[in-house]
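> Okay, here's what each chain looks like letter by letter:
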Amino acid sequence: MSGKAYSTAELMACVMARHLRDREVAVMGAVSMIPMAACRLAQETHAPNLSYIAGGSGAVNPHLEPLVFSSCDAENLRADAVLALPDVILLEGHGKRFDVFFGGGLQIDKYGNCNLVCIGDWHHPVLKGPGTVGLPFLPRAGRAVIYTTSHNARTFVEKVDFNSGPGFLDGPESWARQGLPGQGPSLVVTPLCALDFDEISKVMRLKSLHPGVRREQVAENTGFELVIPVEVPVTPEPTPSELAILRRVDPTGVARNLV
Amino acid sequence: MERTRKVMSVSEAIRRFVPDRCESLAVGGMHMHNNPMALIREVIRQDKKIKRLITSPSADINADLLLGGGSVEEILTAYVGFEHLGLAPNFRRAVEKKTVKLLECDEPFLVYGFQAGAGGLPFIPYPKGLESNDLHKINPELYRFTTDPYTGEQVMTAAPIKPSVALIHCQEADPYGNAIFKGSEFTDRQMIFAAETVVLQVEKIVPNLAERYGATRVNVPGFLVSAVVEAPYGCHPTSSHTYYTYDEDHLKVYLKACKSPESLGEYLHQYVLGMAEEEYAVEIGLERLQNLTTRGVSE
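Protein sequence lines, in the order shown, are assigned to chains A and B. Take 1 as the starting number for the first sequence in the numbering used here and just add one per residue. Take 260 as the starting number for the second sequence in the numbering used here and just add one per residue.
If you are wondering where the hints come from, they were derived from the structure by calculation, not from laboratory data. Everything hinted at is true.
Derived DEER-like restraints, expressed as beta-carbon distance ranges:
#, chain 1, residue 1, chain 2, residue 2, range
1, A, PRO233, B, LEU545, 51 to 61 Å
2, B, HIS528, A, ASP198, 51 to 61 Å
3, B, PRO408, A, ALA219, 47 to 57 Å
4, A, ARG154, B, ASN398, 20 to 30 Å
5, B, GLU355, A, ARG215, 35 to 45 Å
Ideal placement from N, C-alpha and C gives every residue a C-beta, glycine not left out.
Could you put the whole structure together from the sequences, leaning on the hints where they help?
Written out as structure tokens, the structure is:
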């Protein structure tokens, strides 16, 4: 935390929360403590009508205080409503029900494709990842918000070894050719910075640097050439009221202590 | 004539309903919740050979223990891992060393597949865009395409999944196999509907289940269930929704034990092979189990 009044995970939650709009519907999978904190924060600030679904529990707007680690925890079931998992899959397939899908991966590439399947060739993996679960729905689920707690050149690669969560595929032409209902990846949040995507080239672009982070540091820790605008703003720090809300919904530091 | 009660011991249920060479075995539960561990440990004790292991969209120790201590030829899964606790050691090792054949799929392949298996549907077509990832490229046998008769376009399909046997945890059942999930159902009901044979483990047998909760809440009909095993704390070290939470410390002990074949062997001896399932709770410690409290949901 280096003497700051907030943790990096809390800053990441604020970046995600500010991206969410009122009346939207968001969905997330496993290991989503920071997105959950972000959704709660958004609901308590500018987006009181935001709905979010907590992974395999099927819980709509869990009333979690404190947050929990497991996406399928029974604690999630104190919620506005609870859907059976196959119902969540139906909604994910619809194409217009969800506005934001939180995703991530062992690898994330310059077009925002994610990989949870393997490092190396699938037939002879150097590392077998856990598997992709629901990430293939990314191209049908509104805007993808990608997050990772490790911003380094092993995670951010030129091209994923296995595309298990499609972003802009092989770039603007292949994305346009598919004509998918989703809008593709729109935001990437890491411990170093926030990123979005260049409208024309669909390549990941530095959006804002977290306080104290230099642009060279981001470039060095990214395994491909980012689009870096001349002017890159600093990510606004959590406001005292944002922090107060985060500390209330996450008193035990389930999200806060991640980074 | 008397109605047949389906209640039996865990050893009898596995002996009678899981063939020595089981063509396909589905295990319920999702992540570290509602894993039918009492039944799974007994499958390992009785040394059943599993041709194909089928999981929910997110498996945990249910699949990992079978891969570490049992005999599994191939696994159909979309995820095996331990969420915030890390990767699944035996799954990872078995796939990397090719001691198991991996049929890697995504979540809808399983959800649609159980649905198709349950309803006798020949397949379920995927929504457009789900073919834009690489899964079908490495597994064209699994992911087949056909022509949409309405648009003439190519569509990817999910094949029906019909497990020979499904092992499922419900919180409560009556002696005839009518059962309820008191928390999340995950894909366990679909597995029950799709499987040829279903073995249930429950925290508690409640003779007047429908009367107690109202029949609308009892959504597992007994006619789909072959055996009911009362196994209190039978999901340990995973949670049983509304009954108890997962034992994170024990899961960590397991993950550590899986680091070497010797320590895994010791783990298996201490918690699986060296005892009857009925002794498991005592081995873990009743006080420890009782402390796995969960606030859960109100009735």
